[in-house]
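Below, each chain spelled out in residue letters.
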Amino acid sequence: MKNKIFRRISLLIILSLMSGMLVGCWDQLEIEDRALLLGLSIDKAPADDGKDDLTTHIKNTIKLPQIRVTAQIAVPGRVPLGPGGGDSGGGGNQNPVWVVQVYGYTLDDALNNLQQQISDPRYLIHLRVIIISEELARSNLDDLNDYLRRNPEVRRRIWLLVSEGDASKFMYIQPPLQRVPTLYILAMMEKSVESGKCPANYLGEFWTTESKWGQSGNLPYIGLGDKENVIIKGLAYFSGGAMVGSTTPIELGAYMGIRGIDPGGYSVLFDSPHFGPVMIKIDERFSKSKAQIKNGKPHITYNIFLDTSLDEQLHSSTPVSSSHSISELEKSLNQYVTKNFYHAILQSQQAHSDIFGMGEKVRAHCPSFWRANIHDKSDWERMYSDITVDFKVKVSIRRVGLKQK
Amino acid sequence: MNNNRPITTFQFMAVIISTIIGVGILVFPRYMVEYGGNSAPLMSILAIFAALIGCWFTASVCRKYPNETLFVFSRRLLGRGMADFSTIIIFLFFLNSTSSNMRQFGEVCITVLFKRTPIEILMLILLILVGLSVRRNIVKFTYIHVFYLPFILISVIIILMLSLKKIDGLNLLPILGNNFTLSSFSKGVFLSASLYQGTFILILLVPLMRKPKQAVKAANAALFFSGIFYTIIVIVSLGMFGMNEIELLIYPTLELARSASFGTGLLERLDAIFIVVWVISVFTTIFTNYYLAVYALRELIRIKDQRLISSFLLPFIFVLSLLPQNFFQVYDVALVTSVIGLIFLTVYPFLLWVVDLIRNKGGLSHEK
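Protein sequences appear in the order of chains B and D. With the first letter of the first sequence counted as 1, position 298 gets the number 298 in the UniProt record's numbering; the numbers rise by one all the way through. With the first letter of the second sequence counted as 1, position 308 gets the number 308 in the UniProt record's numbering; the numbers rise by one all the way through.
Here chain B stands alone, though its shape is the one from the complex (with noise of 0.2 Å):
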């Protein structure tokens, strides 16, 4: 009887002892003690700007170049989470974000920096939007990436953007549309692609294309407007890691036209020969591509299919009023897209390229022709210049809208 009172005793203690265990107290954090970084930017730090914090090495150890790194932090308590959240935050001049711009010769080495300059621990977790320069990704961004890849925290839906100059004016918007600029620039991103002026191109997306041995990465790029506005202003394609050139808006939508990224959002203005200037808005666009190997070289046959509508027509002299005049005004406009389509290709050609993931074609239909010749990325970027391609489009006007003649 005795034993039992006491075995049952040590057996409470025991289980009260380990119910401490289950809580997780270890890394419990409350959510006002971190220091959300919603944003980042990252530029090119100028030369010789003498500004070492030297938190993580000693003076004069690191030979590399400096980059700055501007990011938003949250301000707990002063995000609004709601639509009327704005009055009752306790006035309109409280700013709900908080920027600290730091120098560091990595980005590690620069989030450290910024971690001696502020209390609470540094949490990557709502990170949505990096923006870098131009500058900074035309050397590598291999090295941007390693740390990303590396770090638990940061997710693959995050967007990655290359901006038009400075990368941390950014960070400075005061948009109007919405109170957290990071946030304004996320809903921008995923509006467009929502309306397929943008392709899906995270993270995550960025780094797969990057890997593949027969596709080159590319990133949104994007400009500042004069209101503090972000615009889209085409695609920043990338060679062997680094940021080669960028598109203009129509060729992104070139782009994704080759690609068949769906919902078509781009509207193309095309002076017909006997229709005059008329506007056609591309509704549903589908690409089927085929590799084969030609005269010891791969040849790719695309087949693009595009629904488009026509929303525009200046000079209606002659209107689009039949059947008849429609495969007319479609068959001038597929020389015309066909023309854009191999503008396309050859630009990327030049830049040694593969934005269209031709290479993967190859490598998936051809893995004969791949493994005699391809054995580095980039030996297929240096092959993708000579390749030859091969368009077949098709465009078919669907609709007018409600206007007859």
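Bear in mind the hints are in silico, worked out from the structure with no lab data behind them. Be aware that a few hints might be false.
What the hints assert, rightly or not - Derived, one-sided and incomplete: chain B residues facing chain D with beta-carbon distance under 10 Å:
| hint | residue |
| --- | --- |
| 1 | Asp27 |
| 2 | Ile125 |
| 3 | Arg157 |
| 4 | Tyr172 |
| 5 | Pro199 |
| 6 | Tyr202 |
| 7 | Thr208 |
| 8 | Lys212 |
| 9 | Trp213 |
| 10 | Gly214 |
| 11 | Ala364 |
| 12 | Pro367 |
| 13 | Lys377 |
Note that beta-carbon positions come from the ideal geometry of N, C-alpha and C, so glycine has one too.
Please build the complex by placing chain D on the supplied structure of chain B, with the hints as guidance.
Positioned in the frame of chain B, the structure of chain D alone reads:
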């Protein structure tokens, strides 16, 4: 009758499946891709058949002695010395397997979830939990497995289905891979086959099965099911990331869960759910390994007290799991021992099967 042999064929299969699905799911695609590139799915399918060999011999030899565990009848077939020696190897193997699984679990938790919690605490909690569960008999052991299996299967399948739409078919081609060499392909098959050693648990279950004659069929079916499950994981992660990206990732399957989402941005970060499920699957795997180690030791020193041995082994497993010095050592040790295990757990049942065949000329005399 039913009270003596309470385990149904379905439960038997459930135990094997939930044992096989374990820590391996996180790293499996990377291993396969490292050895075979794009031929990874093919490799993992072939591996199922390689693993079936050992499983078939084990099950069919156990079927012939439906009233005893392998530890008991091996003494009759091989003689005490040989049988005890093999039992020692089995014991050591599963002891090591328990600690290695435990360490891998700790490594994942500490890199991904709890950065400041000491790894010892993470492992100790799980170890105590498993240690307490191991004290129970095989019937309760079976029920625990059967209870947890649906949680594991359903949630992993949901995450896989969410990722299906992101698969790029080009990433899976060519089926034989771009750098096919027979040696690395067969190495990959071999390695992948070593994932399925959990089937060995059937030696403890057969004596309690309601229909021991179905053991072979059920074990093979369970192995096949888990093999297909693993293959689908490989296909989905390969299709989503492509082989070059997978080689860069330590835990491709976790990365898969991290990228999965309902809609666009509606419900993200499914990795949290995935990790919870994964912890359960790790628990069931470690549970089986621990149980086998305890049982083997019990048979070896001929003690009936399961509880005593369970508590006795706990500190040893804990220390053993803390031995590897860094992340890479953890996985190197795990790889080497699992390949040794695969060889032993294929050869040993085969030996028993052959001896039984020679001694009994068909072995029908033992069946009831």
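Verification of the supplied hints:
1. A hinted interface residue such as B/Asp27 counts as satisfied when its beta carbon comes closer than 10 Å to some beta carbon of chain D; here the least separation is about 5 Å, so the hint holds.
2. At about 9 Å, the closest approach between the beta carbon of B/Ile125 and any beta carbon in chain D falls short of 10 Å, and the interface hint on this residue holds.
3. Because the smallest distance between the Cβ of B/Arg157 and any Cβ of chain D comes to about 7 Å, under 10 Å, the interface hint for this residue holds.
4. Interface hint at B/Tyr172: violated, since its Cβ lies 25 Å from the closest Cβ of chain D, which is beyond the 10 Å cut-off.
5. Taking 10 Å as the C-beta contact cut-off toward chain D, the hint placing B/Pro199 at the interface is violated, the least distance being around 13 Å.
6. At its closest, the beta carbon of B/Tyr202 sits 8 Å from a beta carbon of chain D; the interface hint therefore holds under the 10 Å criterion.
7. Interface hint status for B/Thr208: upheld, as the beta-carbon distance to the closest one in chain D is roughly 5 Å, under 10 Å.
8. At about 5 Å, the closest approach between the beta carbon of B/Lys212 and any beta carbon in chain D falls short of 10 Å, and the interface hint on this residue holds.
9. Interface hint status for B/Trp213: upheld, as the beta-carbon distance to the closest one in chain D is roughly 6 Å, under 10 Å.
10. About 9 Å separates the beta-carbon of B/Gly214 from the nearest beta-carbon of chain D, less than 10 Å, and the hint is met.
11. Hint on B/Ala364 holds. Least Cβ distance to chain D is approximately 3 Å, under the 10 Å limit.
12. Evaluation of the B/Pro367 hint against chain D yields a held restraint, the C-beta minimum of about 4 Å falling below 10 Å.
13. Interface hint at B/Lys377: satisfied, since its Cβ lies 8 Å from the closest Cβ of chain D, which is below the 10 Å cut-off.
Of the numbered hints given earlier, the model fails hints 4 and 5; all others are met.
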